[in-house]
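Chain G is fixed; fit chains E, C and V onto it per the hints.
There are 4 protein chains.
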Amino acid sequence: MNTFGKKFTMTTFGESHGVALGCIVDGVPAGISIDEAFIQSELDRRKPGKSNLETKRKEDDKVSILSGVFEGKSTGTPIAMIIYNEDQKSKDYDSIKDLFRPAHADFTYWHKYGIRDYRGGGRSSARETAARVAAGAIAKLMLSAIGINIQSGIKAIGNIKGSIDDFEYAKTSPIHALDKNYEDKQIEAVTSARDEHDSIGGSVLTIATGVPIGLGQPMYYKLDAVLADAMMGINAAKGVEIGEGIKSATLKGSQNNDQISSLGFKTNKAGGILGGMSNGDTITVTTYFKPTPSIFQDQHTITKEGIETICSLKGRHDPCVAIRGSIVCEAMMALVLADMVLLNIGSKMEHIEKIYS
Amino acid sequence: MNTFGKKFTMTTFGESHGVALGCIVDGVPAGISIDEAFIQSELDRRKPGKSNLETKRKEDDKVSILSGVFEGKSTGTPIAMIIYNEDQKSKDYDSIKDLFRPAHADFTYWHKYGIRDYRGGGRSSARETAARVAAGAIAKLMLSAIGINIQSGIKAIGNIKGSIDDFEYAKTSPIHALDKNYEDKQIEAVTSARDEHDSIGGSVLTIATGVPIGLGQPMYYKLDAVLADAMMGINAAKGVEIGEGIKSATLKGSQNNDQISSLGFKTNKAGGILGGMSNGDTITVTTYFKPTPSIFQDQHTITKEGIETICSLKGRHDPCVAIRGSIVCEAMMALVLADMVLLNIGSKMEHIEKIYS
Amino acid sequence: MNTFGKKFTMTTFGESHGVALGCIVDGVPAGISIDEAFIQSELDRRKPGKSNLETKRKEDDKVSILSGVFEGKSTGTPIAMIIYNEDQKSKDYDSIKDLFRPAHADFTYWHKYGIRDYRGGGRSSARETAARVAAGAIAKLMLSAIGINIQSGIKAIGNIKGSIDDFEYAKTSPIHALDKNYEDKQIEAVTSARDEHDSIGGSVLTIATGVPIGLGQPMYYKLDAVLADAMMGINAAKGVEIGEGIKSATLKGSQNNDQISSLGFKTNKAGGILGGMSNGDTITVTTYFKPTPSIFQDQHTITKEGIETICSLKGRHDPCVAIRGSIVCEAMMALVLADMVLLNIGSKMEHIEKIYS
Amino acid sequence: MNTFGKKFTMTTFGESHGVALGCIVDGVPAGISIDEAFIQSELDRRKPGKSNLETKRKEDDKVSILSGVFEGKSTGTPIAMIIYNEDQKSKDYDSIKDLFRPAHADFTYWHKYGIRDYRGGGRSSARETAARVAAGAIAKLMLSAIGINIQSGIKAIGNIKGSIDDFEYAKTSPIHALDKNYEDKQIEAVTSARDEHDSIGGSVLTIATGVPIGLGQPMYYKLDAVLADAMMGINAAKGVEIGEGIKSATLKGSQNNDQISSLGFKTNKAGGILGGMSNGDTITVTTYFKPTPSIFQDQHTITKEGIETICSLKGRHDPCVAIRGSIVCEAMMALVLADMVLLNIGSKMEHIEKIYS
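Residue numbers (this note's numbering), protein chains in the order written: chain G, 1 to 357; chain E, 358 to 714; chain C, 715 to 1071; chain V, 1072 to 1428.
Careful, some of the hints might be misleading.
Within a straight-line C-alpha distance of at most 25 Å, the following computed BS3-like cross-link-like pairs (lysine-lysine) qualify [as the list claims (entries may be wrong)]:
1. E:K518 x G:K161
2. E:K604 x G:K161
3. G:K7 x V:K1337
4. V:K1232 x C:K983
5. G:K354 x C:K1068
6. V:K1337 x C:K1028
7. G:K7 x G:K171
If the Cβ cut is set under 7 Å, some of the chain E residues that face chain C in the computed set are [to be verified]:
8. N359
9. E372
10. G375
11. G388
12. T434
13. P435
14. W467
15. Y470
None of these hints come from the bench; they were simulated from the model. These numbers were taken from a predicted model, which means no experiment stands behind them. By construction, the Cβ of each residue, glycine as well, lies at the ideal position given by its N, Cα and C atoms.
Next comes chain G alone, as it looks inside the complex (with noise of 0.2 Å):
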């Protein structure tokens, strides 16, 4: 199960130091204009090794298109990409080949398996979103021609938050941070956290504008439980919320309801959407990530074989991961917008007459 999506569809594949990792985008309507450069630089953006909050592992991560794509034109054949690994330090992990590393997948992996690719954290190494921000590329290029566009950047680093939502500004910072005002501090929260050689948390916010009214399939693939989804199952996410989300639940119905004049809605404590499908307003939504796992200090924990052990950690490790995180939550809105776009196609007959006739 290594499929996201039903129609605009990814697979990846890839360990963190095995040969290559990569994907396949199937479901890519033909006549895209498949633009390299900007695939390349959505993996750029991603890319670790580009400040020092960011681990110092140094992969160019190129991106190589095999199929799918015929003189600069998407064929609606499937599109498969490849990024071969090249920075592998995997001795740094032999250290861990028979412990668990607390708070990471080691555990679980070793016990639903029987066996694990240990190094750098195997299938389960964020290194695996770079897949899915080639992928988020080829569906922000299919949306970007119906005029849906996507941002994100980051709401707060443990507890400093922002107030100002600057998604141009974000674009220009090296913690993608939101709001200028308090780049500074959580900065100084991301420095403070590595030289502990401790780790962070952190929340990102993603929205898309420019989303027509209806996308989302109204009861088992809803537009909020598929973001849902698609956001949780990003590494070290650990909660997800929906517009104004769980300070809704703290809110009466005449404080939370979003009324309607003839110029559209008069707030959007919605998020833009309304049981389950797009209302045509922003969509809005918030992402939180726990610290890295990945900490130097001492940590108890346990060999496979069940002996209490102390975990020492080496190794090149973002202090937070929401930073580069964000990057893949756009990704990931792009991969679930771009589905929902296909999929709300023939939902009504009108749609198949114009198609057919």
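Positioned in the frame of chain G, the structure of chains E, C and V alone reads:
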């Protein structure tokens, strides 16, 4: 897209004021004792009109099994269940047939489909969740056979949040309150909202105990991601957390990592899930519900033609959907876990050799 | 796995001698006029007991729609339909409850599930096809709105094979014979088999006209492959051909290739499908049915315990399942094409721009 | 829709003259010894240019595993494999870029997508089947661990049909002939077609032995139906039979029913499948291939603009696609059975208790 799950699946049908609603539960292993009284008792926990804190719509919610059970046992064929609608006051809805109730799905259904059964919200009515509870009861019967137990209760109503999680107490509380010390205040919050012709939000904690290690597919059908999908897909849900959830995003790794001893995890911040797979500890999920959108105060809205008008609702509604929502949360968690139990088998050759030798 | 299709789907339930059987049809576009009389008339074409060439089981097969239709139109929500069982003579089956009828599914059900509803074959009874015909009728209503028409008829009974394909004639023939010149001999073959307490095989030709070019997904959901799945999945089917089928395998390319003129294909050896996609010509599929496995002669078999015994059947059975099977072939082709019509939309950006502009 | 299977799945990518082709095999249980030499040997059996009865395109078809294998064992994560294209003579195809080759997918691709990679048939080239063979090899490794063995061979070329099914002989025959007594005549039929600048059809028998009872889902994922899908989906297939197949349709029940003794079925007319499930006997499937559509004689066709023209092909093609097709039939049967082996687990509670106790 009215099917939930991949191997143990539920497909539901039915509108609030149609002839009947129900479901087909597929993928149920043969040989489970199907206790019809238990299924009915689960529906009774969810059914409306049990107290004056709930809608006064009177529905017996009597369920009939149509197939898939022979001499008291599941046969491996699909189990269809049906609940006929009884207390339909469709007249109540004449006044809203041409306008969009704020915070309801009226607006999006109309735009997506060009037609809507406006009576009682049609398909988007929470009445559909009766089918989920019936299907969830089948899932519970299967899960209990291997020692998995699911429980839920109300954590907060509005800003009144309990601090003790007493699931036994919740079973007897009219509002399924987890903390008896806060129950009165929580009831008061509901009645006060109701008396003000308003409604109020709330949150539900759902847990599963006895879960074997390794449930969940580790990439795109992760246990936490699918639980997020399941919970966010319940009517009025706006936020989902796994384990510490949002709080995790404010912590440092040294605070959030669950260290391990030879007796198991020392803490359970993770909510029983690592890398998308169950780790053997208690699964904990919190679901946040917005206030019931139907309130009995004048609200601004528009008609289908886009003309501004006032929405003045009549009818019968729960002032706090989270309360009965807690029963639905249990059902959804049961469905997710039943699916994961089946999907996990075959993850290693050892399983296959055990079955086919 | 009781669901057929990917976007326009049918999920069926029910056993031969259970309470009821039925289906949920999902993915039906909103705005189709749902003609209940037409659906019933399709069921009437399939229902047993219309002549002495068929089983004498008397079933009205009266279908009720439970959901998904409002004021005569589909609403985009799932359409559930139910048919209650009436003329159940379950006693007839007491003698077979512990043995395996040759050429029936008794043996395999028992081994797979460890339990079986032996009454009338339980789930594996051809009675389940009533649900397919009901769902197929909905598909036909959608298809006819865009000019697609499906017909079928009997090509051969035993070795008596017609040479003319007159689908209008088949509609009035008690055995759905396509060639009136062979009808009498074909009827005689059926009655003679019946009188000898035996049964006989036959084949069905099913066609679709008015099919737009491009239906079918070109790799793993090919139109021809899915039609093969659909037809081979009907009870008693043992062979499927597209176009010239088996005969093609004896020809040279120069004989088999359909050359093209500005007016279209000069021949239709391909049966209207190239590369898994419809080419605009008539879709032709031949389905081969084995003789009814239930015969009234002594046969060798074993009991559940593996003891050799004699199987002497009583009951009521069609001597030739191909006859009523032809109605099921139409339903299955309609379901496949309805699914393909929906899946094809979005294959190119032009579609997407047309819908979302 | 480039994925085949439900639990053990293969997703393929690649065009005939693109950079590479390959696949992701997902759902592979952990702990299988992945013998790379075996996978390559399977590809070698299919690769072109082994004799003058095949296309002269020279492809080494060297496969590389990119993921999912660690220290020689499957890990439960997706296994990606890649084959780079080498001997591309894309120039050969310039003359056909604006016209539709008769009996090819050119016409339908163009109409469906509005764009096509015309070089060597693009995605619809039989070259894609290399990926199927690689994936099928993984399936075979899993199946052989539980005693399931798959074999195939040529039954007929044109009208020259063998009467003995010697699968050992087929392994050494350049045309995979099952009957050595007919091999010479069959070879002659191929060479004679080739020398006439023509092509010829043929049929393939594929069998599986050692199949446990109960594989196959009994309603809409029947073993026979999915095999029909799998075989009909191979390039150039036009007919599929299970067991006696078409001949069954000419028989009486007393002739066709497989009676049962305490030693098993007395005959195997059913081809090892009853009610969509394996009955423990040998699975037998016959697949009928049309003649290669590419012939070197002038044919009438039209251009993309609809202008009549003559199609005069150059290039390198197999005169009889059935021959190499037999290797693909094996791969497809292996993929179907591997999927069914996994899907069958969990059909009864006994399985579940065995795994989770």
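Hints, verified against the model:
A distance of roughly 23 Å separates the Cα atoms of K518 (chain E) and K161 (chain G); the hinted pair therefore holds under the 25 Å criterion. For a cut-off of 25 Å, the pair hint linking K604 (chain E) to K161 (chain G) stands: about 13 Å separates their Cα positions. Pair hint K7 (chain G) plus K1337 (chain V) does not hold up; C-alpha atoms about 47 Å apart against a cutoff of 25 Å. With a C-alpha separation of about 22 Å, the suggested pairing of K1232 (chain V) with K983 (chain C) holds against the 25 Å cut-off.
Among the hinted pairs, K354 (chain G) with K1068 (chain C) is consistent with the structure: their alpha-carbon atoms are about 8 Å apart, no more than 25 Å. Between K1337 (chain V) and K1028 (chain C) the CA atoms are separated by roughly 23 Å; this keeps the pair inside 25 Å, and the hint holds. With a C-alpha separation of about 30 Å, the suggested pairing of K7 (chain G) with K171 (chain G) is violated against the 25 Å cut-off. For N359 (chain E), the shortest C-beta to C-beta distance to chain C is roughly 5 Å, which falls under 7 Å, so the interface hint holds.
This hint holds: E372 (chain E) has a C-beta 6 Å from the nearest C-beta of chain C, less than the 7 Å allowed. Interface hint at G375 (chain E): satisfied, since its Cβ lies 5 Å from the closest Cβ of chain C, which is below the 7 Å cut-off. Hint status for G388 (chain E): holds, given a least beta-carbon distance of 6 Å to chain C, under 7 Å. Given hint, T434 (chain E) at the interface with chain C, holds; its Cβ is 4 Å from that chain's nearest Cβ, closer than 7 Å.
Below 7 Å, beta-carbon pairs count as interface contacts, and P435 (chain E) has one with chain C at about 4 Å; its hint therefore holds. At a threshold of 7 Å, the smallest CB-CB gap from W467 (chain E) to chain C is about 10 Å, leaving the interface hint violated. For the restraint placing Y470 (chain E) at the interface with chain C, the shortest Cβ-Cβ distance is roughly 4 Å, inside the 7 Å limit, so the hint holds.
The structure fails to meet hints 3, 7 and 14 from the earlier list, while all remaining hints are met.
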